[in-house]
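A.B. asks: Next come the chains, spelled out residue by residue.
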Amino acid sequence: MNRYSLWKYVLIVVALLFGVIYTVPNFFGESPAVQISSAKSTLKVEAAVAGRVDEILKQGSLAAESVAFDNSGAQPSVRARFATTDIQFKAKALLEQQLNTDPSDPTYIVAFNLLPNTPQWLQALHAFPMYLGLDLRGGVHFLMQVDIKAVLNKRLQGLQASVRSLLRDKNIRHSGINRNGDAIEISFRDADTRDKARAALGELQEMVLTDAGSGDDLKLIGTLRAEALKQTQEDGVKQNISTLSKRVNELGVAEPLIQRQGADRIVVELPGVQDVSRAKDIIGRTATLEVRMVDESVVRGTEESSAIPFGSELFKVGKNAPVVLNKEPVLTGDYISNASASFDENHQPAVSIDLNGDGGRKMREATRDKVGKAMAIVLFEKGKGEVLTVATIRSELGSRFQITGMGSPEAAADLALLLRAGSLAAPMDIIEERTIGPQLGADNIKKGFDSVLYGFLAMTVFMVIYYQLFGLFSALALSVNVLLLVALLSTLQVTLTLPGIAAIALALGMAIDSNVLINERIREELRAGNSPQAAIAAGFDRAWATILDSNVTTLIAGLALLIFGSGAIRGFAVVHCLGILTSMFSAVFFSRGVVNLWYGRKKRLSGLAIGQIWKPQGEALTTSGKASTKRGAK
Amino acid sequence: MEFFRIKKDIPFMRHALIFNAISALTFVAAVFFLFTKGLHFSIEFTGGTVMEMAYSKPADLEKIRKSIEGLGYRDTLVQSFGTAQDVMIRLPAQHGVNASQQSEKVTAALKADDPEVRLQRVEFVGPQVGDELAHDGLLALGMVVLGIVIYLAFRFEWKFSVAAVIANLHDIIIILGFFAFFQWEFSLTVLAAILAVLGYSVNESVVVFDRVREAFRDRRFGKLSTPEVLNHAITSTMSRTVITHGSTEMMVLAMFFFGGPTLHYFALALTIGILFGIYSSVFVAAALAMWLGVKREDLIKPVKVKDENGGAVV
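Sequence order for the protein chains is D and C. Numbering-wise (our numbering), the first sequence opens with residue 10 and increments by one. Numbering-wise (our numbering), the second sequence opens with residue 1278 and increments by one.
Pulled out of the complex, with its shape left as it was, chain D reads as follows:
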């Protein structure tokens, strides 16, 4: 009766194999590497850069162990791995010098990094080391709150300006346009004018109009449509995330994490960064956008050699650069109320730009007699301009226009993003900040590891003394539990934090409960005079209901923590829940398998090595140990 069918053993072997394969990457350590990413908004690192890096390193006779293009992160990058930190340092200096022609304005960011030494075949199986949280590896954590109100405010201001200019264009007389909270109130003297206005304003599809007022004080109340409102908020947050990614990239952080949290918050985690004030400085920087006319007096293509006219300046960086532009902007990013990727009438990728009312008028005036001439959009950051696009003006432009000839939908999306970066960024506040020194991180790993190790050893020693062979089986099940738990954490790439390590320790401490329940039950069955084989079967079976009940109640607590917890609690809860699941497998299914394998085939079993079984026989209480029946290992 104590035999597993073959498939159960196969399942156990498969689980163990899974455990070993996915746990192993955690032991390979890391090797020094250099990461190359783009410093420019308009330049993306592509696979070809890897070839160039390889070439430069070969010329400098600094052999890299591998050079690979990585497109999985927020920003594509090239990573070169080296044997020693010495070569890494030299390679970084060489690459910086070779890749960037102008050191004061670098094209590429070359940063130190550490890459896991996991062998290729394991990586192919998606076996990676656990992802360590900031408290274990050191770094900076920010929680930023996006000021949605400011985004909406800007949008409403734009809307108000559009209403004003629309009514003026159509010659509709109103007696005032006012903001009232999130609504725009337009006053009219008579109903007739109001009807006309309503028809005229139908053009603004994102606005809902309702009537109000009476007598000669009639009103139209315009509010943003629910979808438009939501879209505005979404765009605001997404915009900030992409802006943050770009800036963080500039810090040269190996594996930054930029993630949305809830409706209007963004988490930024920068492992390894110690200089908080610099990080804050870069993250908090604002970009501005300017639309400028191309100076036609300089022939295109000769910009670098010709004299720059007074009132113009030369831009060397970006798309279609170099180009000479007027110093005086046509308009600034403030006037752009939206920019999105779209398609033109020929179904070619394009970028649609919306200007708010006043911006439309400025644009019209500027482009009216410039048809056929070129116009550029420049993104300014840290006082340096980068040309995003140079486009030919085909017709007089108004408050809505398109930039066509984008080449690919991707290019259109990129440009739209950059345009928004310079115009729509919502203000952000840091509402939570955590900095952990690298030394503290390493300490935390050691402390966490030590706790688990010593706790585990103490439990193992106790179990083996108290339950003998069955105690050993329990300890074995416990180590399988750790193996599977670590493998799961590595596979799922759950962020491991110090509370997470505590959860591993606690999971082990709680998992032993199942084994104790089983062992006690088996002893009890033996005490009742059952045969060893029957005692094993009954012990496991009868303990199972209890184990299930107690694990479910623990899991309920774990899930509640997972759902409602944040930060430290979440890190704990994930591991806690996974630990309960793996413990059910290892403590019940696996340990039964081991017991079956050991005892299952022995037909004439006289006893079990489960420690001393005490039977309440008259004298037992007085003479203690000696009178008890001993059923040790044969």
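No lab work stands behind these hints: they were computed from the structure. For each residue, glycine too, the CB sits at the ideal point set by N, CA and C. Heads up, a few of these hints could be off.
Here are the in silico distance ranges between beta carbons for each label pair [claimed, not checked]:
| # | chain 1 | residue 1 | chain 2 | residue 2 | range |
| --- | --- | --- | --- | --- | --- |
| 1 | C | E1381 | D | Q502 | 29 to 35 Å |
| 2 | D | Q166 | C | E1339 | 36 to 42 Å |
| 3 | C | E1381 | D | D378 | 40 to 46 Å |
| 4 | C | P1538 | D | I230 | 56 to 62 Å |
| 5 | C | R1395 | D | T311 | 40 to 46 Å |
| 6 | C | F1358 | D | T116 | 44 to 50 Å |
| 7 | D | T219 | C | P1538 | 55 to 61 Å |
| 8 | C | R1395 | D | K247 | 48 to 54 Å |
Got chain D sorted already, so can you dock chain C onto it with the hints?
C.D. replies: Here is chain C on its own, set in the frame of chain D:
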């Protein structure tokens, strides 16, 4: 080796009143301290800034205090922790001050005094985050309680589930009482420990109740009264209870001694929870179930349902 050599069932239920009186007294004391002393919340809940600085030589706390007060921050707390070289600085959240800049100003000021000083850790939490955490924490607690009540009611009977939850909730209050009395720092990690303890010590009641159900079903125990069945259940699970909790406690103690400051209070909360968990979930919960009037008939029906499902299979 066997620790527990008990010949007859111990008549625990005869002393139910005493157990509960002890429990009630501890509970009242805990509530008293919670109200008079209050919890010493970590900045995760209150908002503010905590900084840990490492000096190369024993730090002059008075000088540090003066430097920080020179910056215009009031109610700051400067203390050494661990060693004399390590200093912890706590700045409360202040309205109208750009709090996210606080840590930089302080670091700059301290670096001016002693260029050797190293910033180990900074934690800044805005006040709105703290309110949310407290709210989420209470919500999580509510969900755990509700989930466990529903599960136990479904698996056993409402009297058991109510008894188990009351017993374990009173554990939580007692843990909180300890944190209030000693003014230990109550952080998010401690909250996680408390909720984990809740799930864990309910186990304890589950194990006892499982035995109770079994005894009610078993013909051999057919003549026993309810208190006798409870006595039997508690006695026969005692060995397992003590061994399990002992093992878990070994792990927790390992965290307490080797886990460093972050896990210190976590392990402490678990220890108190485990100790009181044994006591309350065994003695208090069983007694409460008895007083709520658990009968043999209450558990006959669920047994049938269980059998239809095929019972327990491994």
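A.B. asks: Run every hint past the structure and note whether it holds.
C.D. replies: To see whether the hints hold, each was checked on the structure:
1. C/E1381 to D/Q502: 29 to 35 Å: holds, 33 Å
2. D/Q166 to C/E1339: 36 to 42 Å: Given range 36 to 42 Å: violated, Cβ gap about 53 Å.
3. C/E1381 to D/D378: 40 to 46 Å: At 52 Å between Cβs, range violated.
4. C/P1538 to D/I230: 56 to 62 Å: Because 58 Å falls inside the window, the suggested range holds.
5. C/R1395 to D/T311: 40 to 46 Å: Between C/R1395 and D/T311, where Cβ atoms are some 55 Å apart, the hint is violated.
6. C/F1358 to D/T116: 44 to 50 Å: Hint holds: Cβ distance 47 Å, inside 44 to 50 Å.
7. D/T219 to C/P1538: 55 to 61 Å: holds, 59 Å
8. C/R1395 to D/K247: 48 to 54 Å: violated, 38 Å
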